[in-house]
Amino acid sequence: MQNNDRFKSIMAVIVAVVTVLGAMAACLATVAMSDAADADFAGIDAAIRAQKAEIVNEVNAYEHYRAFTEYTRYLELGNMFYDPNADKKTSVANGTLQRKAWGVASGIIGVFFKPRYITLDGKYDVQRELAEEWADDSKSADLNPPPHFTESDQLRKRSSFLTADMIVFALSFWFLTLAQTTEKGIKYLWATLGVLLGFAGVIGILLGRFLI
Amino acid sequence: MSEQPESKSEERFERMVTVLIASVAVWVAITVYFQNYASNLSDQARRRAQESSIAATKKEVVGAIQYSYHWQSAYQIWSEIDWQKVAAEQAGDTATADRYAKLKEKIAALSEMLGSKYFDPAADKFINPGKYEADLYLVEATRLTEVYAAEAELGNVTNNIADALVVQITLLTVSLSLYGLSMALKGGVRWLFVIIGTGIVGVCALWLGKSLIDILARPEVNHSAINAYAEGTGLAYQGKYDEAIVKFNEAIVQKTNYKMAYSKLGDAYYNKDDLAAAIANYEAARKAGLDDVNINWNLGWSYYLTGQYSQAIEADERILSHDASVLGMRMNEAIAYLAAGDLTNAQRQYDLLNQEAERQVDEAHQRKLEPPASLWYYMDAGAIDLQNLIDQLDQDPKEWTQAPKPDLLAGDHAVIRKFADKQMTRIKETVVALEYSGKLPTAQNAVKVQPFKFGKITGKNAEGLITGFEATPDAVFFYGTDTKSVTVEFTYDGAPPKQLVWKVYLNGVENQSLRAVSNDDISSGSTWYKTFGYGFTDTFILSSGEYVVELYADLKLAQIGKFYVKEK
Chain A
1 MQNNDRFKSI
11 MAVIVAVVTV
21 LGAMAACLAT
31 VAMSDAADAD
41 FAGIDAAIRA
51 QKAEIVNEVN
61 AYEHYRAFTE
71 YTRYLELGNM
81 FYDPNADKKT
91 SVANGTLQRK
101 AWGVASGIIG
111 VFFKPRYITL
121 DGKYDVQREL
131 AEEWADDSKS
141 ADLNPPPHFT
151 ESDQLRKRSS
161 FLTADMIVFA
171 LSFWFLTLAQ
181 TTEKGIKYLW
191 ATLGVLLGFA
201 GVIGILLGRF
211 LI
Chain B
1 MSEQPESKSE
11 ERFERMVTVL
21 IASVAVWVAI
31 TVYFQNYASN
41 LSDQARRRAQ
51 ESSIAATKKE
61 VVGAIQYSYH
71 WQSAYQIWSE
81 IDWQKVAAEQ
91 AGDTATADRY
101 AKLKEKIAAL
111 SEMLGSKYFD
121 PAADKFINPG
131 KYEADLYLVE
141 ATRLTEVYAA
151 EAELGNVTNN
161 IADALVVQIT
171 LLTVSLSLYG
181 LSMALKGGVR
191 WLFVIIGTGI
201 VGVCALWLGK
211 SLIDILARPE
221 VNHSAINAYA
231 EGTGLAYQGK
241 YDEAIVKFNE
251 AIVQKTNYKM
261 AYSKLGDAYY
271 NKDDLAAAIA
281 NYEAARKAGL
291 DDVNINWNLG
301 WSYYLTGQYS
311 QAIEADERIL
321 SHDASVLGMR
331 MNEAIAYLAA
341 GDLTNAQRQY
351 DLLNQEAERQ
361 VDEAHQRKLE
371 PPASLWYYMD
381 AGAIDLQNLI
391 DQLDQDPKEW
401 TQAPKPDLLA
411 GDHAVIRKFA
421 DKQMTRIKET
431 VVALEYSGKL
441 PTAQNAVKVQ
451 PFKFGKITGK
461 NAEGLITGFE
471 ATPDAVFFYG
481 TDTKSVTVEF
491 TYDGAPPKQL
501 VWKVYLNGVE
511 NQSLRAVSND
521 DISSGSTWYK
531 TFGYGFTDTF
541 ILSSGEYVVE
551 LYADLKLAQI
561 GKFYVKEK
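These protein sequence lines are chains A and B, in that order. The first sequence maps to residues 1 to 212 in the numbering used here. The second sequence maps to residues 1 to 568 in the numbering used here.
It is worth saying that the hints were derived from the structure and are not from the lab. Note that the Cβ used here is the ideal one computed from N, Cα and C, for glycine as well. Please note that a few of the clues may not be correct.
Stated by the list, open to error - With a cut-off of at most 25 Å between alpha-carbon atoms, the simulated DSS-like pairs for lysine-lysine come out as follows:
hint	chain 1	residue 1	chain 2	residue 2
1	A	K8	B	K117
2	B	K210	A	K157
3	B	K418	B	K398
4	B	K102	A	K89
5	B	K418	A	K123
6	B	K117	B	K131
Said to hold, decoys possible - Only some residues are given here: those of chain A computed to face chain B with a beta carbon under 8 Å:
hint	residue
7	S34
8	D40
9	A42
10	R49
11	E54
12	V56
13	L120
14	K123
15	F149
16	S159
17	L171
18	T177
My request is simple: use the sequences and hints to build the entire structure.
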């Protein structure tokens, strides 16, 4: 009777330990789930900020591109007033018109866009302007959602693993309970299985917490 | 002696319940695992949905910004230079025209849309930006929007499963409590607790089975179907309906219950005038779960055009029964009743239409807002639909006429025609009165205006007043530089109107650039002239087609006339 009481007492202690470990696995799984939600939020936050930055940059760059198009119109119009075969009177008149057109072009280039984005072949490198603005924005804010989402996926895997680990602890608990309620010698087999599963559960916690 | 067996039985009972409790604990752990799994699936799907939604919005906005440059800046400047070139050519200034031609080339080089892939100025009269828009953003934005919808659906389904599993966990907790309480009780009642607890566990076992089946059968995000659908949408946007139909069918093969693909397939067939196929696909979309304004509107209209009036009314009523503000569908229902020969219900619907239009304008003005732009569009469209019905009844269908064939119209055609004419006038007057006064037209009689005479001004005096006008026989003018404008001679009887509104429709659609409003005092005479067109410039002439001119005197439709510009 005394042996049996001692056995039951040991089992009760082990059951208590397994219960605490199971609760620990549940706690770690919940924390991982919560961290995953935080990472998702950070990712969405970055995506929204990136969206805002990109749209604002597009609006600005294409406003500049519009101005450049107007500039081209007046610049080329001025160029076209040059006629080497024109008589003197026409040349004077053309010259006046040419200066007017070039004046407008000069006004536009001085105020409404950045001339350094004009390429060697006389076009406007809108993609370069967009890329440079984006690089500036990236320095002052997090505009990169994928790392957050990768982290979130990883944390969700951890959460799932630890939740699965809870099943192992539950099975351990079940065998230990069976061992407690059994009077025959087989109770030692149940107890061994319960303890082994408990150890497996501990390994699961370590794997889940530190390797996933 | 009697206590010993009772104690043993007590012990056996407690052991059994203890094992049951441990077993339920295992079951709880398994349920928690699947709850966590479903919850993760849901959260990840919803996150991807949010990502796609953000990306779709960004793609569409950025695309619109870029397209705005190509259309409103590059193409506009290109067009302005082109018109300057035309004016120079008209003036015989070939040197300037050549200069403008070269300048056009310089501008065209700045825009991809004006490049050879999308526009050949030598071959195309007008640019067709559909292909450029489709390539620039439409297809990708559509794809992302569809991914959003599919991921959101997946997120919702798996979230519902996760919620169901939470309920199961709660029930299992209840059963654990019942088992625990049974150990504190004596006699038969403890078995009741065990039986109820076990019953709950049994229910949870079955429910978990169903939840697992639901997880396995969860909706999938079918990317190949979505890609085909997005490409089809881009092709349809360019008017390439045959190619779009192939793509939409491909999407449906990939995903048999793809409701949006059925809907767009219906639109493509509708645009090809294959109404039977359009109806079949709209019905398939509705069967697949798409039961919104758009699908019922299209379905109702297709039923109307094919003479299936009761089905048309049923489709319209599906929406109007819970949202009376959809004016376009109200008009469709009214005209369906009219085509079915049911004038009583048609009258009722047109009355509701006018009341609703006034309510919307009134409500907007009270809140110091403007009514929706679509209100004017749909009211105009309702009047045009009635005109189309009249044209069909007069055996005079135009190229743009959309109405059931005369043999599909029930009832007395003469009565329907008269009713349609009356309602059309009423809608037109309602639109003008609401737009210019914010109120429905009053009951006053319209100023009497003699039938219009169309012709050309042949003389003006030193003050610029018209002294000569020559009416053109049958109001037929010939396309060319001689027909830059057309003048209407109108004569009114009685008291002079204070305000005149002119509307001009070209081939059934109002040309708003020719709309004119005048508050001039015309009491000094009864015959006046109004010129429409481009006599003030050398760049444009009137394009060929049927022109319908409407005159509203003090917001009442006083006269309608037609003239034609025909190719020689």
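Index of numbered hints that the structure contradicts, given in increasing order | 1, 5, 7, 9, 10, 12 and 13
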